[in-house]
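A.B. asks: Sequence:
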Amino acid sequence: MRSVPLTRLLTTICLFSTAELWAVAKPLPLSDAAGEVITWIESVDPSTQTQKEAWDKVRKALETAGRESESEAGLKLSVTRILQHWSGKSFRVLDEADPQSWALQSSDQPYPDLGAWFQARGNKWTVQYIGRHGQKNFRRGDTVKNTGFHPIHAVQKAQALDLEVQSSPMSPARKVKADVRPQRFADYVLAETQAAGTIMTQDKERICLQKSWFWLNDAVNSHLLSRISFQTENCAAQLIDLRDSFGLEPTGPLKIAKKIPTVVLINQQTREGAARFALRLKKELNARVIGETSGQTVLPEKLQTLKALPWTVISYAGTGAPVEPDSAVKDSLVYAEGLDTMYEQGLQWIREQIK
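Numbering (the numbering used here), first residue to last: 1 to 355.
Note that these hints are calculated values from the structure, not bench results. For every residue, glycine included, the Cβ atom is placed at its ideal position computed from N, Cα and C. Keep in mind that a hint or two might mislead.
In silico lysine to aspartate or glutamate, EDC-like type, Cα no more than 16 Å apart, as pairs [what the hints assert, rightly or not]: (1) 76 / 63; (2) 60 / 42; (3) 302 / 45; (4) 76 / 45; (5) 307 / 45; (6) 76 / 36; (7) 76 / 98; (8) 175 / 162; (9) 89 / 32; (10) 124 / 108; (11) 136 / 337; (12) 177 / 162; (13) 177 / 164; (14) 283 / 36; (15) 258 / 218; (16) 330 / 340.
Label pairs and their in silico Cβ distance ranges [stated by the list, open to error]: (17) 54 / 135: 27 to 37 Å; (18) 175 / 43: 44 to 54 Å; (19) 64 / 87: 18 to 28 Å.
Let the hints inform the model, and build the full structure from the sequences given.
C.D. replies: Given below as structure tokens:
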């Protein structure tokens, strides 16, 4: 009987050990999260019983995704695609980096404000918007270089963070100290929206600027309606930034003194009531909508907060036609070095109108 070469034996042992270790090390919460999604849908949606054959296929696909996904991001994408248009509904999976997750789960809990809102891009965090406390520290498009940095749960107990940020891969890193100001998320979005109302002068004309800071709740909506009404009376033109906004549609009255050139900025993350508000401004103010096709215009129907992963799954009754921009401009931050292309396009249109 021929003996097995030592090198082949060692290779076989190594491969077997690697496979066993991978099976042990693979995070179990992915399967648990998929199971939670399945249980929730079956508990709230009678069509899982009336359309049992179709649901069984969806269920098996979700179970397979839970077993085979190698990351939270991969499972999130799989779940979203598998559930797309199930039973005439649409679904959205929120992780903790999505501001809507904080609005739904943590509106009354302290939010750790570093002076900027960060967006996950791969394994890095990039500055998406700069708040009232971050003007000295951050530029739009900055990438945080610190290993293990997370803008939410890494700062829950810290009072200040020493960070290294970089505007582009070729630029030198800058050291900044970000002071953490914990506050209720509802208070945070209102304060940032109030602080985001500014006035600039162009050719001796006043241009009013207003950004909604993500969550259109009652307090934010009241401020937006008041601010826009003020701007139609006191400004030659206005720009209203609804990018990444969601929530309730402002339904109160707009006191329009006169129709002035108005630009509304939207992107793919403008959704729900914010997308509806963009349509209202287009109708009532003849607003020029610039940006990307929005998300859906229907409001959430049901939601479930998962235990296995920090996710919230939302179901909507249908999809709701998105808002199409009058001028298509891609919203991008990669290596932006502070440049906001969509914002600049909006200002350029306004300049042409007030010449």
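A.B. asks: Are there hints from earlier that the structure breaks, and if so, what are their numbers?
C.D. replies: 4, 5, 9, 10, 14, 15, 17
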